[in-house]
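Between the sequences and the hints, there should be enough to build the whole structure, so can you do that?
The primary structure of each chain is shown beneath.
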Amino acid sequence: MNEHDLLDAIGGIDSKYIKNADKTVSRHSKIAHFQRYYLAVAGLLLMVVAGIVIRNNHVTTVYESVDETEEITTLEAIPEESEEAAPELTEGSPMLTSGNPEASEETDGIEAIEGNEAKATEESVITESDDSDYPAMLMYGGAIYKDSGEEYIGEILDDGLLKVTSYTDGEPSEDGQQNFDRSAETEYFVLNEDAIVVHIDPNEGVWRVFVRQ
Amino acid sequence: MDDSQIVELYLSRDESAITQTSQKYGTKLKRIAQNVLSDAETSKECENDAYLQTWNLIPPNEPRTYLFSFVGKIVRHLAIDRLRHENRQKRSALYCELTDEMQECIPGSVDVSQEFDAKELSECINRFLDSCSEEQRNIFVRRYWYFDSVTEICAKYSLPQSKVKTTLFRMREKLKKHLADGGFTV
Chain S
1 MNEHDLLDAI GGIDSKYIKN ADKTVSRHSK IAHFQRYYLA VAGLLLMVVA
51 GIVIRNNHVT TVYESVDETE EITTLEAIPE ESEEAAPELT EGSPMLTSGN
101 PEASEETDGI EAIEGNEAKA TEESVITESD DSDYPAMLMY GGAIYKDSGE
151 EYIGEILDDG LLKVTSYTDG EPSEDGQQNF DRSAETEYFV LNEDAIVVHI
201 DPNEGVWRVF VRQ
Chain C
214 MDDSQIVELY LSRDESAITQ TSQKYGTKLK RIAQNVLSDA ETSKECENDA
264 YLQTWNLIPP NEPRTYLFSF VGKIVRHLAI DRLRHENRQK RSALYCELTD
314 EMQECIPGSV DVSQEFDAKE LSECINRFLD SCSEEQRNIF VRRYWYFDSV
364 TEICAKYSLP QSKVKTTLFR MREKLKKHLA DGGFTV
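Chain order of the listed sequences is S and C. Counting in our numbering, the first sequence runs from 1 upward without gaps. Counting in our numbering, the second sequence runs from 214 upward without gaps.
Hints are not guaranteed to be accurate.
Stated by the list, open to error - In silico lysine to any residue, SDA-like type, Cα no more than 20 Å apart, as pairs: (1) Lys-16(S) to Lys-237(C); (2) Lys-19(S) to Arg-244(C); (3) Lys-390(C) to Asp-330(C); (4) Lys-237(C) to Asn-20(S); (5) Lys-16(S) to Ser-346(C); (6) Lys-243(C) to Ala-253(C); (7) Lys-237(C) to Asp-216(C); (8) Lys-19(S) to Ser-217(C); (9) Lys-23(S) to Cys-367(C); (10) Lys-257(C) to His-290(C); (11) Lys-243(C) to Arg-297(C); (12) Lys-369(C) to Glu-348(C); (13) Lys-241(C) to Tyr-359(C); (14) Lys-241(C) to Gly-12(S); (15) Lys-390(C) to Leu-334(C); (16) Lys-376(C) to Ser-346(C); (17) Lys-16(S) to Arg-340(C); (18) Lys-390(C) to Glu-3(S); (19) Lys-387(C) to Asp-8(S); (20) Lys-243(C) to Ser-15(S); (21) Lys-390(C) to Glu-314(C); (22) Lys-332(C) to Lys-389(C); (23) Lys-19(S) to Thr-240(C); (24) Lys-241(C) to Glu-365(C); (25) Lys-241(C) to Asp-215(C); (26) Lys-378(C) to Gln-349(C); (27) Lys-389(C) to Ser-335(C); (28) Lys-19(S) to Ser-335(C); (29) Lys-19(S) to Tyr-279(C); (30) Lys-390(C) to Asp-313(C); (31) Lys-243(C) to Ser-362(C); (32) Lys-146(S) to Glu-193(S); (33) Lys-16(S) to Cys-337(C); (34) Lys-241(C) to Pro-276(C); (35) Lys-23(S) to Asn-248(C); (36) Lys-16(S) to Arg-277(C); (37) Lys-23(S) to Leu-372(C); (38) Lys-23(S) to Ser-217(C); (39) Lys-19(S) to Glu-275(C); (40) Lys-241(C) to Asp-14(S).
Hints listed in this document are in silico derivations from the structure and should not be mistaken for laboratory results.
This is how it looks when you write it as structure tokens:
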């Protein structure tokens, strides 16, 4: 036996080995397969990241445009006269804020001035009233006092502060009963015979004038 | 057209069988001959001779599932035979390289001849290939059956040259031991 015989004998190997060696998937193909897989995953990730970035940019743009719109709306909504008049109107205390000095009226030394803010407050109160069965009410001295929607910005009479006694879902029927504070912690004081001032929103420090019915 | 249909053409003595074989496997067959002979014209002649032999061998053979290896064996044998008869070994560096490598596999002295059965030797090599991993087997077959160069094998399997060379070296050592164990010793 020599090398030629051996080479000839190799020529007679099983056909399956010849076929396999011809068609076997090469490592390059495997690498290419994985490369394709990773490329697909990378592409997907890129799309997700791009989507997030674009979305964030869009949201930021929307917020910016909303801010700009609000600024423009605010500037347009405020009349030049009121801008000039506002500092004069807010001078002095105590008073209720209002945008129109001509429409102001004095009630026991307190200026109740109706304005844009007051209107807005009234609108919100009306809305609240529409949503609820009853407007905010409090009984004092046998009389019902109803929320006027006007914010009180005058001096708070600490000496005469009273506290509500109970809560009711409907119309108050006893002194100290009210229908807007379930915790029954609200304080109020008597402003005059026809009005009381209620600490309607302690968190915001809002005092509201309730008018006798 | 699949192998079975081509073989069917041979069996029905339809000459288009040769055209079909040439269209399907011509390039690969010519490459095997080219690897041995290193000459395009002679390789083409070998390829054509292989088609003629195939025509003569089918029937009685019916290589429906292994037509390529069937014709490939013929073209490989023809190319090697032609090289030997024309005494042109020196003109094929690759063939010389391969025969040198094969010498390493022969147990004992190569100068002493030994009577052996060629078929039995092929069976022994088949058993040896069975014991190897698929990667090793493919590298071995590409090298000693297809006569691919180491560079071509590296390109085909994306392997470094050192890996292919080391694999071939270890397989030759293993084949030598296998042949010795199989009784092919001097």
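Evaluated hints:
The suggested pairing of Lys-16(S) with Lys-237(C) holds, with an alpha-carbon distance near 18 Å, which does not exceed 20 Å. Using a Cα cut-off of 20 Å, the hinted pair Lys-19(S) and Arg-244(C) holds, with the two alpha carbons roughly 16 Å apart. For the hint pairing Lys-390(C) with Asp-330(C), the CA-to-CA distance comes to about 18 Å; that is within 20 Å, so the pair holds. Our distance criterion of 20 Å between C-alpha atoms is met by Lys-237(C) and Asn-20(S), whose separation comes to about 17 Å.
Note on Lys-16(S) and Ser-346(C): the hinted pairing holds, with a Cα-Cα distance of about 14 Å set against a maximum of 20 Å. Only pairs whose Cα atoms come within 20 Å are accepted, and Lys-243(C) paired with Ala-253(C) is accepted, the gap being roughly 8 Å. A hinted pair counts as satisfied when its Cα atoms are at most 20 Å apart, and Lys-237(C) with Asp-216(C) qualifies at roughly 9 Å. Between Lys-19(S) and Ser-217(C) the alpha-carbon distance is near 15 Å, which keeps this suggested pair within the 20 Å criterion.
Between Lys-23(S) and Cys-367(C), the direct Cα distance comes to roughly 15 Å. Compliance with the 20 Å bound is thereby established for this hinted pair. Under the criterion of a C-alpha separation no larger than 20 Å, the hint pairing Lys-257(C) with His-290(C) is consistent with the structure, at around 14 Å. The hinted pair formed by Lys-243(C) and Arg-297(C) meets the criterion: a straight-line CA distance of about 18 Å does not exceed 20 Å. As the CA atoms of Lys-369(C) and Glu-348(C) are separated by approximately 12 Å, the hinted pair is consistent with the 20 Å bound.
The hinted pair formed by Lys-241(C) and Tyr-359(C) meets the criterion: a straight-line CA distance of about 9 Å does not exceed 20 Å. Under the criterion of a C-alpha separation no larger than 20 Å, the hint pairing Lys-241(C) with Gly-12(S) is consistent with the structure, at around 18 Å. In summary, the hint linking Lys-390(C) to Leu-334(C) is supported, as the alpha carbons are separated by about 14 Å, within the 20 Å threshold. For the given pair, Lys-376(C) sits about 14 Å from Ser-346(C) by alpha-carbon distance, which is consistent with the 20 Å threshold.
Taking the CA atoms of Lys-16(S) and Arg-340(C), the gap is about 13 Å. The hint holds against a cut of 20 Å. With a CA separation close to 15 Å, the supplied pair Lys-390(C) and Glu-3(S) stays within the 20 Å bound. Distance check on the hinted pair: Lys-387(C) and Asp-8(S) sit about 19 Å apart at the alpha-carbon level, within 20 Å; holds. The hinted pair formed by Lys-243(C) and Ser-15(S) meets the criterion: a straight-line CA distance of about 18 Å does not exceed 20 Å.
Proximity of Lys-390(C) to Glu-314(C) is assessed by CA-CA distance (about 15 Å); at most 20 Å being required, the pair is judged to hold. Restraint check for Lys-332(C) and Lys-389(C): the C-alpha separation of about 17 Å stays at or below 20 Å, so the hint holds. Note on Lys-19(S) and Thr-240(C): the hinted pairing holds, with a Cα-Cα distance of about 15 Å set against a maximum of 20 Å. This hinted pair checks out: Lys-241(C) and Glu-365(C) have alpha carbons roughly 14 Å apart, not beyond 20 Å.
Restraint check for Lys-241(C) and Asp-215(C): satisfied, since their Cα atoms lie roughly 16 Å apart, inside the 20 Å limit. Between Lys-378(C) and Gln-349(C) the CA atoms are separated by roughly 11 Å; this keeps the pair inside 20 Å, and the hint holds. Among the hinted pairs, Lys-389(C) with Ser-335(C) is consistent with the structure: their alpha-carbon atoms are about 14 Å apart, no more than 20 Å. As the CA atoms of Lys-19(S) and Ser-335(C) are separated by approximately 17 Å, the hinted pair is consistent with the 20 Å bound.
For the suggested pair Lys-19(S) and Tyr-279(C), the alpha carbons sit about 8 Å apart, so the restraint of at most 20 Å is met. With a CA separation close to 17 Å, the supplied pair Lys-390(C) and Asp-313(C) stays within the 20 Å bound. A hinted pair counts as satisfied when its Cα atoms are at most 20 Å apart, and Lys-243(C) with Ser-362(C) qualifies at roughly 15 Å. This hinted pair checks out: Lys-146(S) and Glu-193(S) have alpha carbons roughly 14 Å apart, not beyond 20 Å.
A threshold of 20 Å between alpha carbons decides the hint, and for Lys-16(S) with Cys-337(C) the separation of about 16 Å falls inside it, so the pair holds. Between Lys-241(C) and Pro-276(C) the alpha-carbon distance is near 18 Å, which keeps this suggested pair within the 20 Å criterion. Straight-line distance between C-alpha atoms of Lys-23(S) and Asn-248(C) comes to about 19 Å, which keeps the hinted pair within the 20 Å bound. Taking the CA atoms of Lys-16(S) and Arg-277(C), the gap is about 13 Å. The hint holds against a cut of 20 Å.
For the proposed pair Lys-23(S) and Leu-372(C), the alpha carbon gap of about 16 Å is at most 20 Å, so the pair holds. Restraint check for Lys-23(S) and Ser-217(C): satisfied, since their Cα atoms lie roughly 18 Å apart, inside the 20 Å limit. A C-alpha spacing of about 17 Å is found between Lys-19(S) and Glu-275(C), which places the hinted pair at or below 20 Å, so the restraint holds. The straight-line distance between the Cα atoms of Lys-241(C) and Asp-14(S) is roughly 18 Å, inside the 20 Å bound, and the hint therefore holds.
Consistency with the previously given hints is maintained throughout, with no hint failing.
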